[in-house]
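**Q** Below are the chains, spelled out letter by letter.
There are 4 protein chains.
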Amino acid sequence: MAEVLNQAGIQELLDNSPFISFMGLQVLSLDPEQGVIVIKMPMRPEFERRGGTGQIHGGAIAALIDIAGDYALVMRVGAGVPTINFRTDYLRPASDQHLTATATVRQAGRSIAVVDVDVHDGNGKLIAVGRGTYSMNAG
Amino acid sequence: MAEVLNQAGIQELLDNSPFISFMGLQVLSLDPEQGVIVIKMPMRPEFERRGGTGQIHGGAIAALIDIAGDYALVMRVGAGVPTINFRTDYLRPASDQHLTATATVRQAGRSIAVVDVDVHDGNGKLIAVGRGTYSMNAG
Amino acid sequence: MAEVLNQAGIQELLDNSPFISFMGLQVLSLDPEQGVIVIKMPMRPEFERRGGTGQIHGGAIAALIDIAGDYALVMRVGAGVPTINFRTDYLRPASDQHLTATATVRQAGRSIAVVDVDVHDGNGKLIAVGRGTYSMNAG
Amino acid sequence: MAEVLNQAGIQELLDNSPFISFMGLQVLSLDPEQGVIVIKMPMRPEFERRGGTGQIHGGAIAALIDIAGDYALVMRVGAGVPTINFRTDYLRPASDQHLTATATVRQAGRSIAVVDVDVHDGNGKLIAVGRGTYSMNAG
Chain A
1 MAEVLNQAGI QELLDNSPFI SFMGLQVLSL DPEQGVIVIK MPMRPEFERR
51 GGTGQIHGGA IAALIDIAGD YALVMRVGAG VPTINFRTDY LRPASDQHLT
101 ATATVRQAGR SIAVVDVDVH DGNGKLIAVG RGTYSMNAG
Chain B
140 MAEVLNQAGI QELLDNSPFI SFMGLQVLSL DPEQGVIVIK MPMRPEFERR
190 GGTGQIHGGA IAALIDIAGD YALVMRVGAG VPTINFRTDY LRPASDQHLT
240 ATATVRQAGR SIAVVDVDVH DGNGKLIAVG RGTYSMNAG
Chain C
279 MAEVLNQAGI QELLDNSPFI SFMGLQVLSL DPEQGVIVIK MPMRPEFERR
329 GGTGQIHGGA IAALIDIAGD YALVMRVGAG VPTINFRTDY LRPASDQHLT
379 ATATVRQAGR SIAVVDVDVH DGNGKLIAVG RGTYSMNAG
Chain D
418 MAEVLNQAGI QELLDNSPFI SFMGLQVLSL DPEQGVIVIK MPMRPEFERR
468 GGTGQIHGGA IAALIDIAGD YALVMRVGAG VPTINFRTDY LRPASDQHLT
518 ATATVRQAGR SIAVVDVDVH DGNGKLIAVG RGTYSMNAG
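Protein chains in written order, with our numbering: chain A, 1 to 139; chain B, 140 to 278; chain C, 279 to 417; chain D, 418 to 556.
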């Protein structure tokens, strides 16, 4: 599919969402040909899972996965698409650092799309993976 | 399993987490015999998925599911247990209201537990379902 | 939704599939009002996961879950609907006995349906749970 | 981890399972360094989802995913490991041909491993993806 939104356009969409804006998500790069988008989530105090651990709560990571998967499709569709369902697997604790989500479209059909999301910490370690199904009907 | 934490003890654990405290989660009820806990998430402006829609972003709902599933086990184990993975299915948009997550332990073995979570809106409509697997080794 | 197929009609559809016919699935009961169908899978030698264990391979259980979820919707739609995705959780080994899958429709919208499946062994023990998403567009 | 079973040893393990033997699975290649195994599932009449379609039932594909994920770990552990749970996403109908499952270990910890599985048809088209969690405790 053709690119319908560039990086600035996608960042503007992200910022327009109160939830995503609160999370502070930033588009780092995008590759519409390959269906890949990279989104950064900076650490913020509200993300800490237990005071003093410096570890990000898994709930914030799941939200990042949902959003990154969505925006791999936004890049093509031009607007947010509804998540049907998604799975989050946690591999390692996420330390007191920014996280980077790399979302890759595995298939985008007329009605359904499947996206994989890998989440790395600031040291490049894979800390979680996600897989989501999105509805292309209501895009 | 015997109850090891009562409602006040669980609420204190919730409040001790910066992330959960930010989300404003409140224990409404618990049934250690049946392995059921009910947790309320009040609406707050940062949860809105797009300005003016009054709809809660799915990422906040996924985080609620992860936490509610965890605390159905906390009730028994006495401390948070790591999420291995979980699935979130969205059924309907969540309107500008509080949500209620009802988490039910389906099985709690020595190493693995499986928990189902139903999420209802303020009108009692089922808006999302979750299913998570948690590690009982590191409880 | 109205019932469009009765038990004999559903059994005929099951038998028409070479795969399902090989698996020997039998409709035990159905409740179109509640969106519940119960399907039995008899043990057969090809299902054994390792010779001499008498335990059913998880792959056969996953197939049973997929099919039971589908037929909870067939009961309403009148034809098989495509599975979009599903999750299988194994709780206990399945002994050398028939299994019973109880599939319950959690939501059936115009384009998407979500179905939960509980699998019990011949002693009534819960040995696996499934959750699937099906497409209602191509029913 | 070091390789503990070579291709012939893995094929022998596969053949020892009545279920897997019935499915006719064959190891095509393995790469213990990268944690990748490729397994072929030939078409057989019992796999057909509806008579005359020549399409493989999704239940057989799910079973293939479960097994391929398992054997990506067998290659390292030397014995089958229990599946905790797995997700199957169907992308396209699978035509009357053999399928090939490529399973890649994403993480193998002391207690839990996560494996991704891509399933291609005989024309090299991606027809399904799987993601499974396995227990390394009881390997």
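Derived from the structure by calculation, the hints contain no laboratory data. Predicted, not measured: the structure shown is a model, and the values here were computed from it. A hint or two may mislead.
Using C-beta positions, here's what the derived DEER-type ranges look like [claimed, not checked]:
1) C:Q312 with D:D432: 37 to 45 Å
2) D:G441 with B:A218: 42 to 50 Å
3) C:N294 with D:G539: 23 to 31 Å
Built from N, CA and C at the ideal position, the CB exists for glycine as well.
**Q** State for each hint whether it applies.
**A** Against the structure, the hints:
Between C:Q312 and D:D432 the Cβ separation comes to about 44 Å, which falls inside the hinted range of 37 to 45 Å. Between D:G441 and B:A218 the C-beta distance comes to about 47 Å, which sits within the given range of 42 to 50 Å. For the hinted restraint 23 to 31 Å between C:N294 and D:G539, the CB-CB distance of approximately 25 Å keeps it satisfied.
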